[in-house]
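Given the structure of chain A, go ahead and fit chain B onto it with the hints provided.
Each chain, letter by letter, is given below.
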Amino acid sequence: MFSYTFHWNQALKALPQMLDGALVTLQIALLSMAIGLAVALALTLFRLSGNRILGGFATAWVEIARNTPALFQIYMAHFGLGSFGIHLSPYAALLVGIAFNNAGYLAENFRGALKAIPETQTRAGRSLGMTSLQAFRYIVMPQMLRVAFLPATNQMVWAILMTSLGVTVGMNTDLAGITQELNARSFRTFEFFAIAAVIYYLIAKAVTLAARLAAARMFRY
Amino acid sequence: MIEIENVRKSFGQLEVLKGINLTVEKGEVLTIIGGSGSGKSTLLTCINGLETIDSGRIVVDGTDVHAKGTDLNKLRRKLGIVFQQFNAFPHLTVLENVMLAPVKVLGQSKAEAEAMAVKQLTHVGLGDKLKVYPSRMSGGQQQRMAIARALAMSPAYMLFDEVTSALDPQLVGEVLDTLRMLASEGMTMICVTHEMKFAREVSDRVAFFHKGVMAEIAPPEALFGAPKDADLKTFLAATH
Numbered sequence: 001m002f003s004y005t006f007h008w009n010q011a012l013k014a015l016p017q018m019l020d021g022a023l024v025t026l027q028i029a030l031l032s033m034a035i036g037l038a039v040a041l042a043l044t045l046f047r048l049s050g051n052r053i054l055g056g057f058a059t060a061w062v063e064i065a066r067n068t069p070a071l072f073q074i075y076m077a078h079f080g081l082g083s084f085g086i087h088l089s090p091y092a093a094l095l096v097g098i099a100f101n102n103a104g105y106l107a108e109n110f111r112g113a114l115k116a117i118p119e120t121q122t123r124a125g126r127s128l129g130m131t132s133l134q135a136f137r138y139i140v141m142p143q144m145l146r147v148a149f150l151p152a153t154n155q156m157v158w159a160i161l162m163t164s165l166g167v168t169v170g171m172n173t174d175l176a177g178i179t180q181e182l183n184a185r186s187f188r189t190f191e192f193f194a195i196a197a198v199i200y201y202l203i204a205k206a207v208t209l210a211a212r213l214a215a216a217r218m219f220r221y
Numbered sequence: 001m002i003e004i005e006n007v008r009k010s011f012g013q014l015e016v017l018k019g020i021n022l023t024v025e026k027g028e029v030l031t032i033i034g035g036s037g038s039g040k041s042t043l044l045t046c047i048n049g050l051e052t053i054d055s056g057r058i059v060v061d062g063t064d065v066h067a068k069g070t071d072l073n074k075l076r077r078k079l080g081i082v083f084q085q086f087n088a089f090p091h092l093t094v095l096e097n098v099m100l101a102p103v104k105v106l107g108q109s110k111a112e113a114e115a116m117a118v119k120q121l122t123h124v125g126l127g128d129k130l131k132v133y134p135s136r137m138s139g140g141q142q143q144r145m146a147i148a149r150a151l152a153m154s155p156a157y158m159l160f161d162e163v164t165s166a167l168d169p170q171l172v173g174e175v176l177d178t179l180r181m182l183a184s185e186g187m188t189m190i191c192v193t194h195e196m197k198f199a200r201e202v203s204d205r206v207a208f209f210h211k212g213v214m215a216e217i218a219p220p221e222a223l224f225g226a227p228k229d230a231d232l233k234t235f236l237a238a239t240h
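Note that the protein sequences, when read in sequence, are chains A and B. 1 is the number of the first residue of the first sequence in full-length UniProt numbering; add one for each residue after it. 1 is the number of the first residue of the second sequence in full-length UniProt numbering; add one for each residue after it.
Think of the hints as simulated: they come from the structure by calculation, not from any bench. Some hints could be false.
[As the list claims (entries may be wrong)] On the chain A side, residues computed to face chain B include the following (Cβ under 7 Å):
| no. | residue |
| --- | --- |
| 1 | Ala116 |
| 2 | Thr120 |
| 3 | Ser127 |
| 4 | Leu128 |
| 5 | Gly129 |
| 6 | Met130 |
| 7 | Thr131 |
| 8 | Gln134 |
| 9 | Tyr138 |
| 10 | Ile139 |
| 11 | Pro142 |
| 12 | Gln143 |
| 13 | Tyr221 |
Treat the numbers as computed from the prediction; the structure is a model and nothing was measured. All C-beta atoms in this analysis are idealised placements derived from N, C-alpha and C, irrespective of residue type, glycine included.
Bound conformation, chain B alone:
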């Protein structure tokens, strides 16, 4: 369970998170929508401790992420994250990209890590690209590799930060299909996204962020069907 309690975060003068309260249960798929600069991506990087917070608390399975003495490296093993930029490691093949962390961080044997990597890469449809370098692949393939790389750590939660935003339109579908597959398998996911149709389909709940505030959170039918917040109505009207 991820518990977010009254989290505040500023970059200089700009307060990007103004007291966020949110709980994500095991097995839940939560999507976060909202305009640019609404704080949604920042929240994700606060959850895995890449960003600090100014006040409040984020607790993952009982571990306070930002408490002194928390072993963030250990915590991050259970929090997979995929970014807008694919961040493929260009000097490693696809297989090596996925095997690196399980070997170096989890201490798995090469054989063990390779078996896991092949399984995850096959799962995201890259079983035939094992020996290829990322520069030879499309953005959609690189992004699916990044997903497999995160999954190879056997995380309990997956965080997706606008993973289709840097893709050419014709490549968005293959990445969203991968996310749909994970959701249907019961993976606990928080997806920051601009893909409304996708959010509507896969989410248990959808949260709308506006100017650092979570203005509304509801199951997709309610949020998209009968929005209450005025800013959400404007936002939805603009995206349709």
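Same shape as in the complex, but just chain A:
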């Protein structure tokens, strides 16, 4: 019946190795968020531009990113692009895949946040002689980022968890990849994955807490 014997010692010995992996995980998540935020801002401007081609491009991006599995997006970045002769390393493919996903969700998040900012704010800026881009940059965007900040932290947590999908494209230096390799060698599946899960949990919690503190500092108005 229940004949599994726990071997925690073996798993705990691998902890430093797993923590190194956790750093890679955090690095990919942070980079993917930075890229995702920049792209989401561009997509938001495309949508606001009134240009049909740019707007259509942004809408297509958001639709695909939000309505297809993240796993497929990462697969596409690795094997899909590979079919066309563009070969991304597992690291790069994972980063591109998650950044693609982040950008889509964040752009939609921004769209919702924009609705909370009255049109009269832009009018006031334009009345002071600002171009529409200046009014967006200095008046609308800062307010939009505030409204979108806490929902964006959810996406950051999601990005951290999504990095685990990297194992499917041969990623073996992040937390999931290292855990998978340790497991393959030792078959201490439960122990390794339980420890990895705790590490994911702690990273996610730390990020959420840090975001709350940062929000309290940044948004004093």
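Chain B in isolation, oriented as in the chain A frame:
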């Protein structure tokens, strides 16, 4: 000089300006009175190009506002406008609100813009609120900040669009006092207002708008003392 020639403007089926002709000289204080929907506020936003016009011409210091190729961003530097809603930028302090456009639009240095902002804010009585966020201030204070923000651009003209209409009654006075001060300093102003006593006091001329037409324009004594237009008489009787 602001020259308004036969300006027409419709929103869909509704014609809100039916051929307005009006000239405002440098240094003049013109107030526009009239009922809701008479087109007075629309005229102001047409003057600074926030709204387009269907026909006619608006010329500000020789620049045709609605002509193709007119740099509206540049033109708006000389046309300060303050709205009924204060439109404070909530994410910026009072000082930053006033400094933003001079730095970003006029390219002033921070020090230059700050000196100007402090001067204008002190002028409207907010010298002690520089570091405060707008959400911490009353409507009257926010509206005075909006006035200082417009003045910091050193505009040649100031347009006021019912700037006291969204204020609690006890806060109206402080904003009107600010407008009186500007008028006495020789600022060229067009004020759309419902404050008849104020219009009577500060104006060189008062214009009465009714259903998209400028039904009467005259110095305040004449317009309030001996109104000729029948609709104006009804309007004045109703407001007293």
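Do the hints match the structure? See the list:
Checking Ala116/A against chain B: minimum C-beta separation of about 11 Å lies over 7 Å; hint violated. Interface hint status for Thr120/A: upheld, as the beta-carbon distance to the closest one in chain B is roughly 5 Å, under 7 Å. Given hint, Ser127/A at the interface with chain B, holds; its Cβ is 5 Å from that chain's nearest Cβ, closer than 7 Å. At its closest, the beta carbon of Leu128/A sits 4 Å from a beta carbon of chain B; the interface hint therefore holds under the 7 Å criterion.
Checking Gly129/A against chain B by beta carbon gives a least distance of about 4 Å; that is within 7 Å, so the hint holds. Because the smallest distance between the Cβ of Met130/A and any Cβ of chain B comes to about 6 Å, under 7 Å, the interface hint for this residue holds. With a cut of 7 Å, the hint placing Thr131/A at the interface with chain B holds, because the nearest CB-to-CB distance is about 6 Å. Hint status for Gln134/A: holds, given a least beta-carbon distance of 6 Å to chain B, under 7 Å.
Because the beta carbon of Tyr138/A sits about 6 Å from the nearest beta carbon in chain B, less than 7 Å, this interface hint is met. Of the supplied interface hints, the one on Ile139/A holds, with its beta-carbon coming within about 6 Å of a beta-carbon of chain B, less than 7 Å. About 5 Å separates the beta-carbon of Pro142/A from the nearest beta-carbon of chain B, less than 7 Å, and the hint is met. Proximity of Gln143/A to chain B holds as hinted, the smallest CB-CB distance being about 5 Å (cut-off 7 Å).
With 7 Å as the threshold, the beta carbon of Tyr221/A comes within range of chain B, its nearest partner Cβ sitting at about 4 Å, so the hint holds.
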